[in-house]
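First residue of the sequence shown? That's 106 in my numbering, and the numbers climb one at a time after it.
Since the hints were made in silico from the structure, they are not lab data.
All of these numbers come straight from a predicted model, not from anything done at the bench.
Any given hint might turn out to be false.
What the hints assert, rightly or not - Heads up, simulated EDC-like pairs for lysine to aspartate or glutamate below, C-alpha to C-alpha not over 16 Å straight-line: (1) K459 - D488; (2) K497 - D511; (3) K154 - E335; (4) K154 - E251; (5) K407 - E378; (6) K154 - D305; (7) K258 - D305; (8) K496 - E271; (9) K281 - E228; (10) K154 - E332; (11) K281 - D201; (12) K175 - D132; (13) K154 - D183; (14) K328 - D305; (15) K281 - E332.
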Amino acid sequence: MTQAPSEGDQSLPLLFAAVKREGDASDRIRRSLQAVRSHLGLQVAYVSKFEGDESVFRVVDAPGLEHVIKPGDRRSLDDIYCRHILEGRLPQLMPDTAAQPLAMAMPITAACHIGSHVSVPIELPNGETYGMFCCIGFQADPSLNERDLQTMKAFAEMASFEISSELDAQRELQVKQAQLSQVIAQDQMSIVYQPIWNTDVMQPVGFECLARFSPLPLRSPDKWFAEAGEVGMGVELELHAIRKALQALHSFPAPTELGVNASAATILEGNLEALFAGLPLDRVIVEITEHSTVGNYDAILKVLRPLRERGLRLAVDDAGAGYSSLRHILNMQPDFIKLDIGLTQNIDLDPARKALARALVGFARDTGSRIVAEGVERQSELDALRSIGVKKVQGYLLGRPMSLQDALGLCPARRRRKTVAA
């Protein structure tokens, strides 16, 4: 356990205070190294990681010496001081390496001009020695003392905290990635279909495809997709959902449409042209959500252009929920604008909601788009939407997300065939 600095030592708290908390673990460790190296007046500081019989320089602070030592460089533990310090053959504090016969006998001392050396192990909470927190001077420095060693130990503890937190995060990341990989590999996702109704004839004309996940504990789909995005598997999971949803397209009678959700990243990186090969794209709608960040609309439009020329249509989801959806609408010229549930709920009771929805209906008419209202749960909401010209709606009033079999049973052509057969 690191000894506390003496009451008269005011430098250590100031050093800690100088290390800003911004950035990742490596950034914070680098600032720690810089603070300690400058405080001790030495030339090189680094944190190393032990990998087998090697020491890997993970973070380095050596101004002007980047050609000599840099992150990622490796040294055999037989060639450097670390193992000897850990096993007690060399001290952690060496103001003058010339006073240490073992150090002087090692080729690295002369080769790297090591005149002074302070190094302490980085101990993780589980007792594992991760590596070393080290400072090197090119000349002997008799002013280096026990207080400086205690400063090094305190900063080594700080590095230990950063590294252990990072390792915990990496393990958590790996667990989440493994679970998501299992969901995909073992097909632990199912697709349900929520009908979209034409309000003129009050018949379903399409379905939005929604993912459901079976692993316990049960979680909402948005949490699964959010987590996949956080661990770098968002595109992979979305593509799996799209692929699985569109497997049913040929089961639905034409011209029934299926809508699938895709983020901007999936549109850009997911090779949708290959995914949609052989499909009647005039029956496929890609919905980009309000929460999907778009950095380059031109790039997305370029990817979508050949698909839209083949009949694919684009919908912007959650219109009215935030600024992003308005940017999507203005920049992507969608075929459908989907009114967010927050706008459609209680639209019959709130003149402001109705006025905004009416304005969007007018905008859609003027720009060649069509409106779909989501989240319709009451007959009076449906009546209000129909009164302002909304032609397509979906919501619990008209149908909850359902199995493929139940969805097929709703299709008008299917119902007609059943009636004839009866």
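- Message: Which constraints among the numbered hints does this structure fail? Numbers only, ascending.
- Response: 2, 3, 4, 6, 7, 8, 9, 10, 11, 14
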